[in-house]
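Student: These are the residues of each chain, in order.
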Amino acid sequence: MPSKITVENVSHEYFNPNTWQRVHALDGLSLEVADGEFLCIVGPSGCGKSTFLYLVAGLAHASSGRILVDGKQVERPGRDRGMVFQDFAILPWRTVERNIGHGLEIAGVARKERDTIVRRYIELMGLSGFENKYPYELSGGMRQRVAVARTLAADPQVVLMDEPFAALDAQTRNVMQEELVRIGMHERKTILFVTHSVDEAVILGDRVVVLTHRPGRVKASIPIEIPREQRRWDVLGAEEQFGRYRQDILRLIREEFDAQERVTA
Amino acid sequence: MIGFARAVAPFAAFVTLWAIVVAVFHVPQDVMPSPNAVAVAFGDAIRKGVLTVYTGETIRRILLAASSGALIGVAAGFFVALNDVVADIALPVIRFFQSLSGIAWLPLFIVWFGFSDKTIVVAVWYTLFFPVLFNTVVGVKTVPRVYRNAILTLGGDWRRMVFDVLLPGAIPYIVGGIRIGAAFGWRVLIAAEIVIGAGGLGYFIFKAEAFHLTARIVAGMLTIGTLWYLTDFFVLRPLEEATIERWGLVHR
Amino acid sequence: MGTRPPLARAKQLRGVLGFVLLFAIWQGITSSGLVKPIALATPEAVFSVIVAGIADHSLLINTGVSLERLILSVIVAGLLGIALGVAVGLSRRFGSFVEPLAAFFNAISGIVWLPLAITWFGLTWKMLLFVIANSVFFIIFFNTLLGIRTVPRVYEQAVFTLGASRWRSILDVIVPGALPGIISGLRLGLGFGWRALIAAELVGATQGLGFMIYSAAQYLRTDVILAGIIVIGVIAFTLDALLLGPLERATVERWGVYQ
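Protein chains in written order, with my numbering: chain X, 1 to 265; chain U, 1 to 252; chain S, 1 to 259.
Hint data in this document are derived by calculation from the structure and do not stem from the laboratory. Every residue gets a Cβ at the ideal spot worked out from N, C-alpha and C, and that includes glycine. Don't take each hint at face value.
Stretch-level coverage of chain U by chain S, calculated; a stretch enters the list once three of its residues show a Cβ under 8 Å from a Cβ in chain S [stated by the list, open to error]:
#, segment
1, 7-16
2, 87-96
3, 99-106
4, 109-117
5, 185-198
6, 205-211
Extracted from the complex, chain X is given alone in its bound form:
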């Protein structure tokens, strides 16, 4: 079966205006993602994980190499590759309802149908009662739910998530993770999930890809063979397998971290 996403030897460099330096973010990164796969991407800080996501989204252009989604090269952002941003990025001047429905509005979906879909996602994401609230009235966790709901409501085939739970407190984070697992089982979408947290990667992913330090490329790819029904924090704690995956991945990241230290030392 052909891959949903094919990344061919992508390298990327850009100019950072804050540090006044050229950053060589990625170097020869190649990857294939199957349709409906939940892929988690981890790696040491600065390894280019977020940059990679932006390239798949089409918000930036790779310096060399190419990225294909459904066999077509990625040129610009679009509805088919929805993205959930680290700082939520929901519009402060729209209510929860209007934010979630934004993608549908853009696609020209009729009012009635739009309302139905929005209502479904509000329930799905546990936002009932908050339809007419503005973002500033919501907690961080709720805002993130709105962001996720917005992306899902637009019905993309690929969902890109850039450390979406990083700004949340620990409890909210765990709840969101379990919800994402539940939604992942429910909706058949290809998900690319970037995170700093190995625990998060293991609980969420069908497969975890570890990137090398900058310039990033794929260091290892580890399938997670824990059934989805068991991906809950109360269950996993006891899981030996979980612990082992965790150890292995942490070790790989640590290797890269140390290697990076040596390079910059």
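Position chains U and S against the provided structure of chain X, taking the given hints into account.
Tutor: Then chains U and S, alone, in the frame of chain X:
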């Protein structure tokens, strides 16, 4: 080199457009002179020493008012800001005087000092003083309490507090205040020179109007604009950029 | 939202106290004999001038004329300023051409055009309108521009990943996001306009507050001057502080953009 050309291009294009419009529509010289006529008037005024003398007077006034107004404004601002209650009492009043343009005080200053150089300088000083004072107070008050606490737990005294924490912390606001004050002050200066008539570029262009020397008016206006633009570009904006944009308040 | 916490109330009272103290100082200076009576009129004298000016409508007329000129100028300059600001903010090419010119003309905005405006329009209301609108235009233009540029990129990016076109992102993200800047510009424009107006009226008007205080100076009537200054100041203060507050609250603060 290319950067310079690119910077000059809009102006060159504008001047060209100006020359064309004046020629094509046969605009009378005393309504809108051609760029050439303006250049001639420029040279004439410089040769006669008129432009240079008046420009010198204007510059002297703004420098005098700006330096003393800013320094005293910052110092006074620190004093006011040190006590929260005092600051609360003073801020609305300061804001009132900041809103009330120095130009409105001219008639009163005329009664006090007559149609003199002093009147002009006082009006400009006033115009610069209040924005700087206001912004300094706000700036100092805005320095987060944690920084002040940090310095205290490091054993810092009031000198350290002021120079290591409050001044650097308040600098973006202070610079903003100076920039606003200077912008207002400059305009008040020209306006006051027009009203008072004691020399200066304002008087230069006003007198030129009385004699229908439109080319001279435009030459004067360009001088004023260039002076301000240069001050803003080479002094004020870099100062502001070095402080405010570093704080990440403006995305370009 | 809507109820004032106790600290804010205390701040308000202290602010009022500030003005009370100011008055007290004024009264003190005039009654102590520190200055010649001709140099500084007493609060009482100024107050009676204001009352008389309201009774015979002269003060009201002058104030009304000045305000009329201001509002007209701001409307004209505002529409132009916002339109051009949006155009420049959206197009980098257009902007790199227009912006340096605007920055330069900004340096000569306002009163500097007075002599030229008198040459063109004589000592008429058109001249005043031109001079005032001149100052106001640039402020509104630059603030609109700033408003557009400070819309966080991530909002645009988010909307792109929802499939929005460039046009759509302008309507849904840039314009609402730029609103704080535009409102700032309008508020500042009113303030700037008022200053330019007073200056222009000092020189080139036969009615209005600026004219009133300038002609009073010829007769050394510091009571009339101060009465005029107070009215000018109160209006200036109001324009700078209160006028657009409610408008801001209704839109921008509701969105929490100013958090």
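Student: Work down the list of hints and note, for each, if the structure agrees.
Tutor: Cross-check of the supplied hints:
no.	hint	verdict
1	7-16	holds (count 6)
2	87-96	holds (count 8)
3	99-106	holds (count 7)
4	109-117	holds (count 3)
5	185-198	holds (count 6)
6	205-211	holds (count 4)
Checked against the numbered hints given earlier, the structure satisfies every one of them.
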